[in-house]
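**Q** Sequence lines, in order, name chains A and S. Sequential numbering of the first sequence, starting at 1, is according to my numbering. Sequential numbering of the second sequence, starting at 1, is according to my numbering.
Incorrect hints may have been included.
Claimed, not checked - Derived lysine to aspartate or glutamate pairs resembling EDC-like cross-links, with alpha carbons at most 16 Å apart:
hint : chain 1 : residue 1 : chain 2 : residue 2
1    : A       : 211       : S       : 4
2    : A       : 417       : S       : 4
3    : A       : 406       : A       : 87
These are computed hints drawn from the structure, not numbers from a lab.
The primary structure of each chain is shown beneath.
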Amino acid sequence: MSMALLPRIVERAPSVFALLMAVVGWSVGAGNYWRFSWRAANYGGGSFLFAYLVWLIITAFVLAVAEYAIGRIGRGGPLYGPYNFVERYKRFAAFAGMWMAWSTFMIMCYYWVVTGWIFYYMLHAISGTFVSPDFDSKALWGGFKETYFSLGIGVLMMVGSIIVTGFGIRGISLAARIMFPVLFFATLGLAVYSLTLPGSYEGLKFYMVPKAEALVDPATWMQALSQVIWSIGIAWGFFIAAGAWMRRRDDVTHVSFGNVVNDTAVAWMAGLAIIPLIFSISATPYEDIKEAGTGLAFVVLPRLFHEMGGLAGYLYGLLFFVAFWFAAFTSLYTIHEVTLRPLKDLGIKPLYAAAITGVIAIVIGTPTALNLTWLDYYDTVWGVIGLSAGLVFIALMAGFLVDTVKVRMELMKVEPKPLVPLGSWWDWLVRINVVIPVIFFIWWIAYWEWIRGWDAGLHTYYTWPGIAILIIGGLMIYYVTGRVIERVKR
Amino acid sequence: MVFEQVSIAFFLIVTAIFVILALYTWYYSFKRESEIRRLGEE
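Work out the full structure, taking the sequences as your base and the hints as a guide.
**A** See below:
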């Protein structure tokens with residue numbers, strides 16, 4: 001690899017546990033709480049859980065290993081890692097990495113806003129607002145969202161992220177080693193407690209009993225797939241960045257497996273903490289269960305904590321929002337790390353790289369804080385379309401642009417022996433995964449076009465400009481990436 | 001209904017298995033770290 005591009009700033013994980021906590025902090029985010037439980041409850045309960053298990057095996061673990069391998073063998077972040085990793089189409093590979101970093105950056109532009117909301121609610125949970133007699137959850141959320149105050153709290157989150165990522169892997173793994181175990185055990189506590197509530201069995205039925213018609217409905221499988229991919233965090237470029245943190249004896253299969261099981265454990269526990277609670281406390285469980293995202297986290301759940309009341313309501317709300325915010329914040333600064341890593345690879349000091357990307361994210365993200373339509377827009381263009389393309393790139397690079405068998409051998413020769421022995425099944429599953437996002441994308445279009453109707457979603461005023469931005473932005477990234485690499489090589 | 005109870009029991013057990021596996025990956029980190037220390041050099 002005489003032509004390899006070498007990062008100017010090299011960081012290595014201080015220990016295996018530090019690495020594991022940093023990467024699981026990435027996977028477990030706000031979506032484990034407010035997305036998973038809603039999707040599981042509304043897309044077939046047990047059927048959804050079954051589909052989730054299938055996708056974990058076929059796609060999540062396999063592609064996580066592939067993405068880590070790009071960073072580990074390529075020895076660099078989203079810019080240098082893919083370039084060094086592939087044997088042919090190197091310029092395309094560098095573009096693919098930067099495409100992911102771009103999508104992730106655009107997601108960061110609204111993720112700091114979301115993290116700020118959760119932080120604000122955590123403060124209310126601490127101060128006991130939810131259990132005070134005159135609490136009104138709709139009024140609290142209505143008076144807070146889209147205000148300059150919420151913008152200010154979001155900015156505070158971004159400042160926190162600049163500080164953490166400014167210390168590089170040491171800052172990231174230190175924060176994760178404190179926050180992840182707390183959120184894990186807090187969620188476990190809530191899950192166990194909610195099972196003891198009267199009437200929780202109705203919730204368990206809704207959450208865990210498979211429905212035959214849902215099992216054969218493509219929507220169940222697609223919702224489960226997108227939840228798995230989004231939740232574990234594949235094709236955002238983070239595993240490339242984290243692969244470059246690995247020391248010679250660190251094991252890719254251990255951290256990939258760690259991502260899969262820790263993320264799933266937290267999501268499934270969060271489902272147990274939320275769904276039986278709704279059925280136990282709420283007078284209108286079938287309406288409340290339909291609420292997703294902000295409606296669930298900021299209107300329904302605080303109302304339920306209020307109805308629980310007393311010490312139980314206070315503690316439930318406190319543990320929930322502490323876990324929820326820890327999950328969001330550990331994802332915010334790892335998202336940040338993906339976007340600043342190309343700058344670090346080029347030689348810009350971590351704190352400067354963090355500040356530059358952080359400030360730009362605040363500027364670009366400000367509209368999403370003041371108007372939630374913008375947030376949905378960013379979420380659709382980069383969160384759905386941008387990341388789907390990233391998935392194809394990962395499978396393409398690891399399955400077709402290198403000798404996949406050689407990559408596997410390289411990962412397997414680590415001492416001490418790897419946790420999960422990879423066989424030729426891994427090579428094949430990586431290659432097969434090239435088509436999975438394509439199927440997903442066709443389904444997604446078909447869903448809006450044929451099932452929901454022509455003007456339901458895809459053809460709203462903003463979708464086509466969004467696709468135009470992706471194409472123009474992609475071409476610009478391709479051009480700039482090529483120029484940067486030419487300059488670095490000279 | 002038996003089917004309900006069996007499926008709830010099944011997925012509760014699967015959830016518990018994920019929790020145990022997650023904690024195992026934490027434990028494995030420390031085990032691996034001491035192995036790495038024993039093998040020496042980085």
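**Q** Does residue 4/S lie within 16 Å of residue 417/A when you go C-alpha to C-alpha?
**A** Answer violated: residue 417/A to residue 4/S is near 42 Å, above 16 Å.
**Q** Decide if the proposed pair is consistent with the structure: residue 406/A and residue 87/A, CA atoms, cutoff 16 Å inclusive.
**A** Holds, at roughly 11 Å.
**Q** Is residue 211/A within 16 Å of residue 4/S, Cα to Cα?
**A** holds, 10 Å
Hint compliance for this structure: hint 2 alone is broken.
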